[in-house]
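*Asks:* Read off the chains here:
There are 2 protein chains.
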Amino acid sequence: MKDEPVEKLQSHSEDMEDVVGQYGLNDELVEEIQTAIDENRADHIRELVADWHPADIADLIEQLKSKDRSTFLVMMDGELDADVYSDLDENVRDDLVEEMEPAEIAAFITELEVDDAVDVLEDLEEEEQREVLNEIPMEDRAALEEGLGYEEDSAGRLMQRDLIAVPEYWTIGQTIDYLRDTDDLPNEFYEIFVVDPRHFPIGTIPLDRAMRSKRDVFVRDIMDTEQKLIPVDMDQEEVAYLFQQYRLTSAAVINPSGMLIGVITVDDIVDVISEEAEEDLLLLAGVSEDDLFENILSTARTRFPWLLVNLFTATSASVAISMFDATMEAIIALAVLMPIVASMGGNAGTQTLTVAVRALATKELTSANMWRILGKEMFVAALNGSFFAITIGLIAWAWFGNPLIGMVIAIAMVTNILVAGTAGMLVPVTLDKLKIDPAVASSVFVTTTTDIIGFVAFLGLATFVLL
Amino acid sequence: MKDEPVEKLQSHSEDMEDVVGQYGLNDELVEEIQTAIDENRADHIRELVADWHPADIADLIEQLKSKDRSTFLVMMDGELDADVYSDLDENVRDDLVEEMEPAEIAAFITELEVDDAVDVLEDLEEEEQREVLNEIPMEDRAALEEGLGYEEDSAGRLMQRDLIAVPEYWTIGQTIDYLRDTDDLPNEFYEIFVVDPRHFPIGTIPLDRAMRSKRDVFVRDIMDTEQKLIPVDMDQEEVAYLFQQYRLTSAAVINPSGMLIGVITVDDIVDVISEEAEEDLLLLAGVSEDDLFENILSTARTRFPWLLVNLFTATSASVAISMFDATMEAIIALAVLMPIVASMGGNAGTQTLTVAVRALATKELTSANMWRILGKEMFVAALNGSFFAITIGLIAWAWFGNPLIGMVIAIAMVTNILVAGTAGMLVPVTLDKLKIDPAVASSVFVTTTTDIIGFVAFLGLATFVLL
Numbered sequence: 001m002k003d004e005p006v007e008k009l010q011s012h013s014e015d016m017e018d019v020v021g022q023y024g025l026n027d028e029l030v031e032e033i034q035t036a037i038d039e040n041r042a043d044h045i046r047e048l049v050a051d052w053h054p055a056d057i058a059d060l061i062e063q064l065k066s067k068d069r070s071t072f073l074v075m076m077d078g079e080l081d082a083d084v085y086s087d088l089d090e091n092v093r094d095d096l097v098e099e100m101e102p103a104e105i106a107a108f109i110t111e112l113e114v115d116d117a118v119d120v121l122e123d124l125e126e127e128e129q130r131e132v133l134n135e136i137p138m139e140d141r142a143a144l145e146e147g148l149g150y151e152e153d154s155a156g157r158l159m160q161r162d163l164i165a166v167p168e169y170w171t172i173g174q175t176i177d178y179l180r181d182t183d184d185l186p187n188e189f190y191e192i193f194v195v196d197p198r199h200f201p202i203g204t205i206p207l208d209r210a211m212r213s214k215r216d217v218f219v220r221d222i223m224d225t226e227q228k229l230i231p232v233d234m235d236q237e238e239v240a241y242l243f244q245q246y247r248l249t250s251a252a253v254i255n256p257s258g259m260l261i262g263v264i265t266v267d268d269i270v271d272v273i274s275e276e277a278e279e280d281l282l283l284l285a286g287v288s289e290d291d292l293f294e295n296i297l298s299t300a301r302t303r304f305p306w307l308l309v310n311l312f313t314a315t316s317a318s319v320a321i322s323m324f325d326a327t328m329e330a331i332i333a334l335a336v337l338m339p340i341v342a343s344m345g346g347n348a349g350t351q352t353l354t355v356a357v358r359a360l361a362t363k364e365l366t367s368a369n370m371w372r373i374l375g376k377e378m379f380v381a382a383l384n385g386s387f388f389a390i391t392i393g394l395i396a397w398a399w400f401g402n403p404l405i406g407m408v409i410a411i412a413m414v415t416n417i418l419v420a421g422t423a424g425m426l427v428p429v430t431l432d433k434l435k436i437d438p439a440v441a442s443s444v445f446v447t448t449t450t451d452i453i454g455f456v457a458f459l460g461l462a463t464f465v466l467l
Numbered sequence: 001m002k003d004e005p006v007e008k009l010q011s012h013s014e015d016m017e018d019v020v021g022q023y024g025l026n027d028e029l030v031e032e033i034q035t036a037i038d039e040n041r042a043d044h045i046r047e048l049v050a051d052w053h054p055a056d057i058a059d060l061i062e063q064l065k066s067k068d069r070s071t072f073l074v075m076m077d078g079e080l081d082a083d084v085y086s087d088l089d090e091n092v093r094d095d096l097v098e099e100m101e102p103a104e105i106a107a108f109i110t111e112l113e114v115d116d117a118v119d120v121l122e123d124l125e126e127e128e129q130r131e132v133l134n135e136i137p138m139e140d141r142a143a144l145e146e147g148l149g150y151e152e153d154s155a156g157r158l159m160q161r162d163l164i165a166v167p168e169y170w171t172i173g174q175t176i177d178y179l180r181d182t183d184d185l186p187n188e189f190y191e192i193f194v195v196d197p198r199h200f201p202i203g204t205i206p207l208d209r210a211m212r213s214k215r216d217v218f219v220r221d222i223m224d225t226e227q228k229l230i231p232v233d234m235d236q237e238e239v240a241y242l243f244q245q246y247r248l249t250s251a252a253v254i255n256p257s258g259m260l261i262g263v264i265t266v267d268d269i270v271d272v273i274s275e276e277a278e279e280d281l282l283l284l285a286g287v288s289e290d291d292l293f294e295n296i297l298s299t300a301r302t303r304f305p306w307l308l309v310n311l312f313t314a315t316s317a318s319v320a321i322s323m324f325d326a327t328m329e330a331i332i333a334l335a336v337l338m339p340i341v342a343s344m345g346g347n348a349g350t351q352t353l354t355v356a357v358r359a360l361a362t363k364e365l366t367s368a369n370m371w372r373i374l375g376k377e378m379f380v381a382a383l384n385g386s387f388f389a390i391t392i393g394l395i396a397w398a399w400f401g402n403p404l405i406g407m408v409i410a411i412a413m414v415t416n417i418l419v420a421g422t423a424g425m426l427v428p429v430t431l432d433k434l435k436i437d438p439a440v441a442s443s444v445f446v447t448t449t450t451d452i453i454g455f456v457a458f459l460g461l462a463t464f465v466l467l
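Those sequence lines, one after another, are chains F and P. Mind the numbering: the first sequence is residues 1 to 467 in the UniProt record's numbering, read in order. Mind the numbering: the second sequence is residues 1 to 467 in the UniProt record's numbering, read in order.
In isolation and in its complexed conformation, chain F is listed as follows (with noise of 0.2 Å):
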């Protein structure tokens, strides 16, 4: 499913010819560099990534071994556009820039785009951050240093400095002159920010606007004045919710006494965006970060929390379990069945708390209607649980030839499906209000619950019902 569009993009491909091949690396591509590494042919390398996007490149050194990723730079030998760096993972180039000198680094990261810039430097430790500024030249040093002074993850962080801004008193003529006239102009920008005399932002004015218009209509009649400002210190998180929330392409920056300092586009926050939704997923597992590219050792590392976690929490079930080891021992298909009533409430139990997780995070679940969606899943615990109930009673029945067995089963069943639902929104939902991420620990406590509850309820009613 996910290779039809390559797929379908071949079918075409007599019509087509100068698209396929144009969107990003495939398998062949990268085998035939690796030879050529093998074969310390750089001349062709270099002819093969020649017109290569940097995104393009960045994933080609990822994907190369270890060991051959530096020789690949060397015998790229300072070709390398600059924004391969930015576009590389960051365990990748983590690795890469600790084999480089303080002014090989200050070479590239003096082409890039300052937030890009100080994306590579926040990673560096903190000598050697101060030895690659202390080559960097003054004039983007302060840049750079300001960018560094904003917490990690801020929508200072993420703006760009430069940008367009203007009096209202201005003509689109005289916007459009300057605009022909001045060379230190930012990259790329999509709309014209209109300032008082404070430099306060008062409108916002899109480009195709500004090109519409005739030259002597002000900037003052056909501004917007409605626009979201993003404070400097706000979490990117927030930060990307605005541009979804409003179908933002660009937005300005704002220090604390309401003064125009940057610009945010919507091509840093694409980004973002992908990362908090990947974020919860691999928070959700016990993961802390995307790890494909990290070495052994920290991956071991980063995995253990949880894994130790769970070794607690699956003990403590044990010690739970251990209580009705006399009942166990006299109907011992008491213990071939347990696992079923457990595995099947964790199960409802992620279901419902991967919702809630998510539905927090686009601010879908709220206090507002809180109570109305637990209940809602209480009906939805209740029809999948009776359903799972009779089914698996009726098997239990069938294979040890007991019908108490079976109704056993069914009531635990049904009970842990149930506590499943109501935990996996009420935990969720608390952690939130306690200002601990819900992608964070929710799963723990939700499976801990009804492995617990399940093995509970299943041997404390056999042992009532059955000796």
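Wrong hints could be hidden among the right ones.
Since the list can't tell identical chains apart, any single copy or any two copies may satisfy a pair.
[Said to hold, decoys possible] Simulated crosslink set (EDC-like; lysine to aspartate or glutamate; CA at most 20 Å straight-line):
| id | residue 1 | residue 2 |
| --- | --- | --- |
| 1 | LYS363 | ASP43 |
| 2 | LYS363 | GLU275 |
| 3 | LYS363 | GLU276 |
| 4 | LYS214 | ASP177 |
| 5 | LYS67 | GLU127 |
| 6 | LYS214 | GLU113 |
| 7 | LYS363 | GLU31 |
| 8 | LYS214 | ASP184 |
| 9 | LYS228 | GLU289 |
| 10 | LYS228 | ASP267 |
| 11 | LYS228 | ASP184 |
| 12 | LYS214 | ASP181 |
| 13 | LYS433 | ASP115 |
| 14 | LYS433 | GLU275 |
| 15 | LYS65 | ASP51 |
No lab work stands behind these hints: they were computed from the structure.
Given chain F's structure and the hints, the job is docking chain P onto it.
*Replies:* Same frame as chain F, but now just chain P:
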């Protein structure tokens, strides 16, 4: 942590009074409106939401009780921006639209941009769709029907048909004059396309570059000739990949013969990007889509298949356990301890498979580096597996006073965690190669494997060593 920005915002509130309250809904506002609805004060509601962004009004409607949603619409008395409908959650919109007449639906659809309108139309039942289309003026209907003609989730569904295309022999001056004199222009655009006489796209000029250029410059002299062209039938996931990879703001869409027929802009893609990352999260948890606002019956139905599969796999695990009932009867400690081995394996497997599923989606994990990364996973599993094997071995020894039980559980644990690492990597990679979305099915296969291996390794080894 998530609410920090708002807190910070409030601490600046003296300087930035007009900023506070501009960032969307809050619980107090929802409550105030809920009360106003209960008290039937339509004027007050219209006054409250008068300056709201359509996206915020959509959020408000989602927060209201189902029965109050249509009351709210009636109270707004047709003063609602059509964009509110396109911003609404699909389930909520379906409920509202169901109660409306075809003519009413047609009225707001006509005001939407084509891609948003198609988005609403595609959810209607075929007969209703036909009725609504009949109410729409001929000149708009053609574009909608064309849009509906493209496959769901394809580039054709996302694109706008309105765009600016000029011949290469025009000057910037001519282009600007054309923009100023033509009324029938797209709402918002970010680049000017340059086409040849066959209407094939040959270049593109970002608006900011057009504005900076002198009037007598030819468009062919400043256009970018490298551009990513999007075939109209490309899957939206692939389109989102291109936008993200190459940081595109907008891109040309071409038909199979290569003619320029539309444009996709980044604001349409932002939603796709977060949908795709969210989809992986939900699918891994066995939920087909964000079902927060779905009704009870269909929520229960969409979550049912996953639970059914899990009932089957959990029962298989029980069958595996039942082969060792004599062993457990002899040593009941085994029944107490056995869930720990399975649970740790399940967690370790989920960690690996989550990273693998995301890395496949972002094309970081490929045939080129798969074996290397599998090797890394083995090392990580060996490291963490050894630690937890020793720990649980000591715990079991201390608990049941039998060093052999400790040894058996330790060996079973390290085995199962190694199996988890292997399955967590190989299952999603294999599914991907078979063109099955790894997010859908990986989790079942991996946890079934770790459950069964966990139980069989532990109980089997115990039978061999302890009896």
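*Asks:* The structure should be examined with respect to each hint, and the outcome stated for every one.
*Replies:* Each hint, compared with the structure:
1. Taking the shortest Cα distances, LYS363 and ASP43 never come within 20 Å of each other, neither inside one copy (53 Å) nor across copies (27 Å).
2. Both within a single protomer and between protomers do LYS363 and GLU275 lie at most 20 Å apart by alpha-carbon distance, with minima of 17 Å and 15 Å respectively.
3. In the homo-oligomer, the alpha carbons of LYS363 and GLU276 lie at most 20 Å apart both inside one protomer (13 Å) and across protomers (18 Å), since each shortest distance falls under that limit.
4. In the homo-oligomer, the alpha carbons of LYS214 and ASP177 lie at most 20 Å apart both inside one protomer (13 Å) and across protomers (9 Å), since each shortest distance falls under that limit.
5. Within a single copy, LYS67 and GLU127 get their C-alpha atoms no closer than 26 Å, and across copies no closer than 62 Å, so neither meets the 20 Å cut-off.
6. Neither within a single protomer nor between protomers do LYS214 and GLU113 lie at most 20 Å apart by alpha-carbon distance, with minima of 33 Å and 26 Å respectively.
7. In this homomeric assembly, LYS363 and GLU31 come within 20 Å of each other (Cα to Cα) only across copies, at 16 Å, whereas the closest approach inside a single copy is 45 Å.
8. Taking the closest pair of Cα atoms, LYS214 and ASP184 come within 20 Å of each other only across two copies (16 Å); inside a single copy the shortest separation is 25 Å, beyond that limit.
9. Taking the closest pair of Cα atoms, LYS228 and GLU289 never come within 20 Å of each other, the shortest separation being 31 Å inside a single copy and 30 Å across copies.
10. For the identical chains of this complex, LYS228 and ASP267 are neighbours both inside a copy (17 Å) and across copies (16 Å), given an alpha-carbon limit of 20 Å.
11. Within a single copy, LYS228 and ASP184 get their C-alpha atoms no closer than 26 Å, and across copies no closer than 28 Å, so neither meets the 20 Å cut-off.
12. In this assembly of identical chains, LYS214 and ASP181 lie within 20 Å of each other by CA distance both inside one copy and across copies; the values are 19 Å within and 9 Å between.
13. Neither within a single protomer nor between protomers do LYS433 and ASP115 lie at most 20 Å apart by alpha-carbon distance, with minima of 32 Å and 37 Å respectively.
14. When the C-alpha separation of LYS433 and GLU275 is checked against a cutoff of 20 Å, the pair qualifies neither within a copy, at 23 Å, nor between copies, at 25 Å.
15. Taking the shortest Cα distances, LYS65 and ASP51 never come within 20 Å of each other, neither inside one copy (23 Å) nor across copies (56 Å).
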